[in-house]
Amino acid sequence: MSEPICLRQLPVNTPAVIHSVNAAGELGRRIRDMGIVPGTTLQVVGRAPLYDPVALRLRDFTLTLRNSEADHIFVIRQD
Amino acid sequence: MTGNTLTIALAGNPNSGKTTMFNALTGSRQHVGNYPGVTVQKKEGRLTHGGVTVHVVDLPGTYSLTAYSAEELAARNFLVDERPEMVVNILDAGALERSLYLTVQFLELGVPVVLALNMMDEVRKRGMQIDTGLLSRLLGTPVVETVARVGEGKERLLDTAIDFAATNRRPWEPLVLSYGPDVDAALAEMTGIIEAARFLDGRLPPRWVALKLLEGDHEVEGICRRAGPAYDRLAAIVARLADHLKVTMNSYPEALISDYRYGFIASLMKQGVLKKDASRERIVYSDKVDRVVTERFLGPLLMLGVLYGMFEIVFFLGEYPMGWFEDFFAWLAGLAAAVIPPGQIQSLVVSGIIGGVGGVLGFVPLIVIMFFLLSYLEDLGYMARMAYMLDRVFRIFGLHGGSVMPFIISGGIPGGCAVPGVMAARTLRSPKERLATILTAPFMACGAKIPVFVLLVGTFFPQRAGTAMFWITLGSWAAALVVARFLRSTVIRGEATPFLMELPPYRVPTLRGVLLHTWERAWQYVKKAGTTILAISVLLWAAMTYPQLPEDRAANYEASRQDIAARMAAAEAANGPGLDDASLAELEALLAGIDNQEAEAALRNSLAGRLGTALEGVSRLAGFDWRVNIALLGGIAAKEVIVSTLGTSYALGEVDPGEAASLSEKLAADPAMSRASALALIVFIILYAPCFVTVVAMAREASWGWAAFAMVFNTGLGFAAAVAVYQIASRV
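Residue numbers (this note's numbering), protein chains in the order written: chain A, 10 to 88; chain S, 194 to 925.
Think of the hints as simulated: they come from the structure by calculation, not from any bench.
The reader is advised that the hints may include incorrect statements.
Claimed, not checked - Listed next, with one range per pair, are the computed distances between beta-carbon atoms:
| hint | chain 1 | residue 1 | chain 2 | residue 2 | range |
| --- | --- | --- | --- | --- | --- |
| 1 | A | Asn31 | S | Ala381 | 49 to 57 Å |
| 2 | A | Pro20 | S | Arg276 | 49 to 57 Å |
| 3 | S | Val586 | A | Asp80 | 17 to 25 Å |
| 4 | A | Asn31 | S | Glu412 | 38 to 46 Å |
| 5 | A | Pro20 | S | Val485 | 19 to 27 Å |
| 6 | A | Val21 | S | Gln656 | 48 to 56 Å |
| 7 | S | Leu704 | A | Pro20 | 37 to 45 Å |
| 8 | A | Asp80 | S | Trp712 | 40 to 48 Å |
| 9 | A | Asn31 | S | Val675 | 47 to 55 Å |
To be verified - Simulated coverage check for chain A against chain S, where a stretch passes if three residues somewhere in it have a Cβ under 8 Å from a Cβ of chain S:
| hint | region |
| --- | --- |
| 10 | 12-23 |
| 11 | 36-46 |
| 12 | 51-59 |
| 13 | 74-87 |
Backbone N, C-alpha and C define an ideal beta-carbon position, used for all residues, glycine too.
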């Protein structure tokens with residue numbers, strides 16, 4: 010199994026599993042509310058024209074978040 | 194059920210089809226208000242089903258029940274304080290796991306829940322299978338399949354809810370989940386303390402209170418702190434657990450709790466609630482569309498097209514009904530002038546009341562068309578894409594990608610209007626960014642400011658007329674963005690609200706939903722704003738009318754008029770009906786001139802005129818004389834009034850903003866005006882207080898406090914900028 014990497018570094022269309030979420034307070038709460046918790050499978054499906062925010066697919070829906078928010082999320086590549 | 198009435202709270206995630214279901218259930222029998230103390234909108238409706246009157250309250254769309262946003266808090270407080278018989282939880286069945294996260298929180302609170310698995314048509318199309326019977330057994334709540342768009346399952350949902358209310362007469366029974374040994378131990382200890390201390394008279398489930406304390410919920414913390422000294426012991430347990438989890442697992446209690454909630458949901462899925470057909474790819478259609486619509490080059494181009502198209506449609510289509518309104522009110526004013534004898538009552542009715550009401554209703558076509566298109570784009574899912582694409586740019590200024598629409602409508606493309614623009618900020622879910630957008634959108638070059646700009650540019654910079662509007666537009670954008678940045682680092686300081694936003698699948702909106710939404714907004718505007726605006730309009734009319742000219746001065750003008758009238762009569766008598774047209778016209782012009790001079794004197798003598806004159810000492814710094822001051826004061830009523838008031842103050846009578854050639858000559862000839870003061874005036878008009886219709890709209894969307902702030906701050910900023918421009922420009 011490969012090492013956890015930051016979600017910002019995950020290439021488009023590469024499946025990955027969330028390893029940890031390192032955010033407290035409101036941001037942490039919002040991230041978890043949307044179902045980003047350890048063990049969840051996700052992939053990056055696109056980036057906005059200016060490379061930020063990023064669009065993710067997880068739990069059968071599409072979620073967008075800013076790169077600065079993705080920095081708190083660590084994932085393990087599944088390829 | 195109390196007697197034959199039943200109160201249900203409709204809850205669910207944004208984009209779950211909750212509003213569609215609310216509309217399907219209640220039709221047009223809706224009432225829109227606010228939750229107590231906050232600007233969160235509260236919609237209620239009534240219906241009768243099988244002899245039972247059902248009172249439906251539409252809770253704000255949320256993903257969670259924390260205390261982080263006003264919406265979540267409003268939803269939670271409603272459940273706790275009003276204790277509805279049940280929550281009807283609308284779920285996007287296509288995103289079942291995430292949707293159930295909110296459901297679990299309702300169950301933890303203990304409120305009886307009926308689940309409506311909505312958008313089942315999409316689920317079937319995607320080859321997913323949901324065992325609703327099993328879900329119902331596992332959660333102990335009724336589950337109904339629905340497709341709110343077409344009203345499918347609506348009757349069954351009502352049957353189930355009424356039946357459930359009739360049979361389920363137990364007190365609230367919270368779902369007890371395990372959050373792992375450490376959290377469970379702390380919860381047990383805290384629950385004991387809360388029960389012993391009888392916090393809040395047992396109004397809230399003790400374990401839920403303990404859970405919220407572990408989650409660091411500020412609202413519940415505050416309540417408990419006030420409730421008694423036992424709070425200190427509870428706080429100590431929370432701190433101890435937090436330290437322990439930090440050391441042993443590098444985690445926080447709130448993170449662990451939500452992990453276990455999702456774990457519980459995952460176990461439901463694994464027990465067979467959800468079966469996916471792995472061979473079929475899901476959300477294919479939306480993904481394909483997005484590959485084009487948010488593509489690096491095509492995406493922004495298409496967005497420019499949509500923004501431009503939306504703007505053109507609003508103001509092009511809006512022009513016709515606005516014209517009809519204008520004609521109608523002109524006709525009404527004429528009628529009133531004919532029926533009511535000349536005097537103060539006539540002036541009040543014609544200028545104050547009909548002018549004021551006409552001014553308010555004139556915006557209705559714009560608001561209707563704007564909201565129609567906006568609701569369509571939002572329900573379609575395109576607004577979210579737009580925010581996604583533009584967020585990187587707007588974030589620099591402390592705003593949100595979704596700020597673009599209010600800016601464009603307000604006049605980001607010259608000729609907009611800040612009233613619908615400010616209202617368009619409703620689609621923003623981030624409170625700080627939304628407020629900054631509302632406060633800065635009125636800087637844009639709205640349609641009413643343009644005649645003023647055209648007049649000033651045409652008079653003082655005729656050779657640059659072509660490029661001037663371009664620079665003014667650019668200046669307006671720069672002002673809005675820079676001021677937004679400034680506000681976000683001062684009065685609306687604070688971290689950016691997390692952006693995390695769902696990109697809902699593209700869904701063709703229902704005409705009914707869009708129409709209902711549009712009607713609701715327009716009616717609210719007419720009803721609420723109308724009363725306030727009428728009052729302010731009458732006040733402004735009074736400020737520009739009273740005190741009236743002293744009798745002796747008015748008598749002088751009257752004497753001159755009599756004199757000319759007598760000369761006209763004499764000439765007519767002397768020459769018979771064959772009086773030559775030239776001399777008659779001359780006399781009539783003389784007569785009109787006296788009227789205009791009297792109007793000028795009356796304006797200068799009025800409260801607004803005296804204020805304008807008194808301010809001259811200060812306003813000289815920016816190159817404005819008393820005439821400009823009065824016109825600018827009038828501009829607070831509506832920006833187009835600037836031109837007509839300037840006309841009156843130069844004794845030209847009422848000047849049509851569209852044809853101001855004579856006013857242009859007067860301005861050019863006035864030694865008090867120069868290119869420097871014209872430039873300062875343009876800068877001031879971009880920045881200073883919004884017109885009061887906008888102010889009322891701002892008060893409705895934010896608060897009266899912020900609306901007052903905008904008036905004072907914008908005027909101060911505008912004046913400082915105007916002084917700087919004038920002082921520099923008059924020296925170079």
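Evaluate the given range 19 to 27 Å for the C-beta pair formed by Pro20 (chain A) and Val485 (chain S).
21 Å, holds
Quick check: does the Cβ-Cβ distance between Asn31 (chain A) and Val675 (chain S) fall within 47 to 55 Å?
Roughly 34 Å apart at Cβ, these two residues miss the hinted range, so it is violated.
Worksheet item: Are Val586 (chain S) and Asp80 (chain A) spaced within 17 to 25 Å by their CB atoms?
Response: 20 Å, holds
inquiry  = Quick check on a hinted range of 37 to 45 Å for Leu704 (chain S) and Pro20 (chain A), using CB atoms only.
reply    = 42 Å, holds
Given that the region 12-23 of chain A was listed as covered by chain S, double-check it with a C-beta distance under 8 Å for 3 or more residues. violated (count 0)
Stated coverage of the region 36-46 of chain A by chain S [criterion: 3+ residues, CB within 8 Å]: holds (count 10)
Indicate whether the distance between the beta carbons of Val21 (chain A) and Gln656 (chain S) respects the range 48 to 56 Å. 53 Å, holds
inquiry  = Looking only at beta-carbon atoms, does the pair Pro20 (chain A), Arg276 (chain S) fall within the given range of 49 to 57 Å?
reply    = 50 Å, holds
### Whether chain S covers the region 74-87 of chain A (at least 3 residues having a Cβ closer than 8 Å to its Cβ atoms)
holds (count 3)
Check your understanding: That 40 to 48 Å hint for Asp80 (chain A) and Trp712 (chain S) (C-beta), does it hold up?
Key -> 44 Å, holds
Open item on the list: Range first: 49 to 57 Å. Now tell me if the beta carbons of Asn31 (chain A) and Ala381 (chain S) are that far apart.
Closed with: The hint (49 to 57 Å, Cβ to Cβ) is violated, given that Asn31 (chain A) and Ala381 (chain S) are roughly 29 Å apart.
Discussion item. Just to be sure I understand the hint, the distance between the Cβ atoms of Asn31 (chain A) and Glu412 (chain S) should be within 38 to 46 Å; is that true here?
Written reply: 25 Å, violated
Consistency note: the structure conflicts with the earlier hints numbered 1, 4, 9 and 10.
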